[in-house]
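Student: Mind docking chain V on chain D? Use the hints.
Here is what each chain is made of, one letter per residue.
2 protein chains.
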Amino acid sequence: MIKILLDAMGGDNAPQSTVQGACDALNADKEIYLILTGRKDDIEGELSKYKYDKSRLEIVDCSDVIDMNDIPTEAIKKKGSSLVSAYWMLKKQEDICALVTAGSTGATIVGGQLILGRIRGIKRPALCPAIPNSRGTFTLLCDCGANAECKPVMLCQFAVLASAYAQVGFGISSPKVGLLNNGTEEHKGDPLHQQTYKYLSEMKGINFIGNVEGRDIMMGECDVVVSDGFSGNIALKSLEGCGKLVSEVMKKEFKKNIGSKLGYLFARKTIKNMRAQLDFDRFGGALLLGLKKVVIKSHGSSKPQTIAASIANAAQIYRNGLVPAVEKLLSEVDLDALIPAEENQ
Amino acid sequence: MIKILLDAMGGDNAPQSTVQGACDALNADKEIYLILTGRKDDIEGELSKYKYDKSRLEIVDCSDVIDMNDIPTEAIKKKGSSLVSAYWMLKKQEDICALVTAGSTGATIVGGQLILGRIRGIKRPALCPAIPNSRGTFTLLCDCGANAECKPVMLCQFAVLASAYAQVGFGISSPKVGLLNNGTEEHKGDPLHQQTYKYLSEMKGINFIGNVEGRDIMMGECDVVVSDGFSGNIALKSLEGCGKLVSEVMKKEFKKNIGSKLGYLFARKTIKNMRAQLDFDRFGGALLLGLKKVVIKSHGSSKPQTIAASIANAAQIYRNGLVPAVEKLLSEVDLDALIPAEENQ
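Chains D and V are the protein sequences, given in the same order.
Numbering of the first sequence is given in our numbering, commencing with residue 74 and proceeding in unit increments.
Numbering of the second sequence is given in our numbering, commencing with residue 74 and proceeding in unit increments.
Chain D on its own, in the form it takes in the complex (with noise of 0.2 Å):
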């Protein structure tokens, strides 16, 4: 049995969301086992709508909930909310491997900084999103918020803990790892940026192939996309926008007249297929890495089938070993040899 946390009143559509995705997750998945916490009698109203194995299934009554305006760091104060409840059991329950929320992600990183704990050797915790790229496949953008101000260590460390997702959770053996920048040359970017590519060109165990730009991210030729977090933020929130733009203009479009409409009549099946590929949810939601437990953090506007999918990753990563394998490359790349010491704090 794997057993994981669910953040019941986390994100805009929360129950109902999170409810009905973490029904569909454990009809999916017989291996799951799930605790909801939040506001009991509201999570079983929802509940009462879905058949799903109640054997595998428990909630843990929590009257406090974490508010989108919330500061992060009084927010973790807030020890009956079912965030904070959740991270302290996943903190002191041995059986519980991970946690899925999709609520305020600066409570979530504050949360799994100052109560979960990291990974022994790791500075700080990195948000780390999968985006739809042009292979078909995900690209892992690593930092995109967590952390605005960084430095080389940091971003040497962001390689490690998305190399390390890579491997467990697509099955790539030697990632590409590039480092986004405003240009490919090796000179490119301000000192951080030109002193992170000198360290992650030396690093053993990191596949490391130069230089990438924003445009990289959805059409390039690498797995892990390198960032300091605030231009991975800047990055995926870009995307999104044009993703949303793109989705708004296919409706206004075929929406206008007659002959648009009977064009998607045509064409609808083609458009599904466009939509599914360019779908940011349909991976579920941000690995929150670095911490001693799998986190995963899903979208604020997290659909049911987007939960679904978080808990259904947040099993599969654990089962293949996430932990020990960031444990396993972090002490293969060695930083401590690498970096030298007034730069590595």
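The reader is advised that the hints may include incorrect statements.
Since the list can't tell identical chains apart, any single copy or any two copies may satisfy a pair.
Stated by the list, open to error - Dumping the calculated DSBU-like pairs for lysine-lysine here, alpha-carbon to alpha-carbon at most 30 Å:
no., residue 1, residue 2
1, Lys317, Lys328
2, Lys150, Lys113
3, Lys271, Lys165
4, Lys317, Lys342
5, Lys164, Lys113
6, Lys249, Lys317
7, Lys329, Lys345
8, Lys329, Lys317
9, Lys334, Lys317
10, Lys365, Lys261
11, Lys261, Lys224
12, Lys76, Lys328
13, Lys224, Lys345
14, Lys249, Lys324
15, Lys124, Lys261
Derived by calculation from the structure, the hints in this document are not laboratory data.
Note that the structure is predicted; figures quoted are calculated from it, not measured.
Tutor: Just chain V, lined up with the frame of chain D:
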């Protein structure tokens, strides 16, 4: 007559695209007079294919060409090249209003600074493309790559430059300005963005609406997005990558089988409309703002219609007085009164 220089050898498809674009631009606007710099024989060979008003086109023979691999600071020493010759003519001949090039971005920026020169008081020129948005208009993104490392005063000036451009190029009297950041809250980002937020809030003459995220470039409500050149470059290229993937997926899906090909026949017009709305080249090139005259950097892969659009825009923006508008707004905002001398270098 509005005299505009065209670097006929700049870009991947030069001189075919540049020459065809030049003829189209001449035919579309009787007030335009073009000076093409480049290899005379090659240009004349291309010109022979088109009808145009010969009295409004001249060629300045330049034997040398800047290669995309030349280091920018070395490239602009190639005095006999089509770009450097054009820059010197732009500087020295008062009756020439503007320059359009699809050549090396780096050489265009360095040449702009070192040959043509900046508007008095402007610290750095900035690249500013017009990106299609959900309102059916354009969002100006400034800077998107001329300055990898920025200070707050530079970002404040980018707000001035792009606001003036929005006024004269798009007729928006009080353009809404957002600051590209990793979240919308006031405290978001690194010290550069926190400090810039503070100054932008206090700047008279700038209609600052606060922090915006990557998704707001294409989705949001603002006319200008101010950005450091590093993040702006990553945002722009991420958007281009997403646009390209959408285009590829569309092609592939509609060619998949007989059913999807039939769908295409019925949806053709709608798909064409969609493509047009999402076309990054529709507006022509990016302005290199902050220089003493109008300079437009068109995409390296510019098609003839992109070159023609860039030339038409150069004429229009000159007519509407871009440089005087920048000077006026710069004196109104009075950055020297706002920013302490030690930060205002």
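Student: Does the structure break any of the earlier hints, and which numbers would those be?
Tutor: Violated: hints 3, 12, 13, 15.
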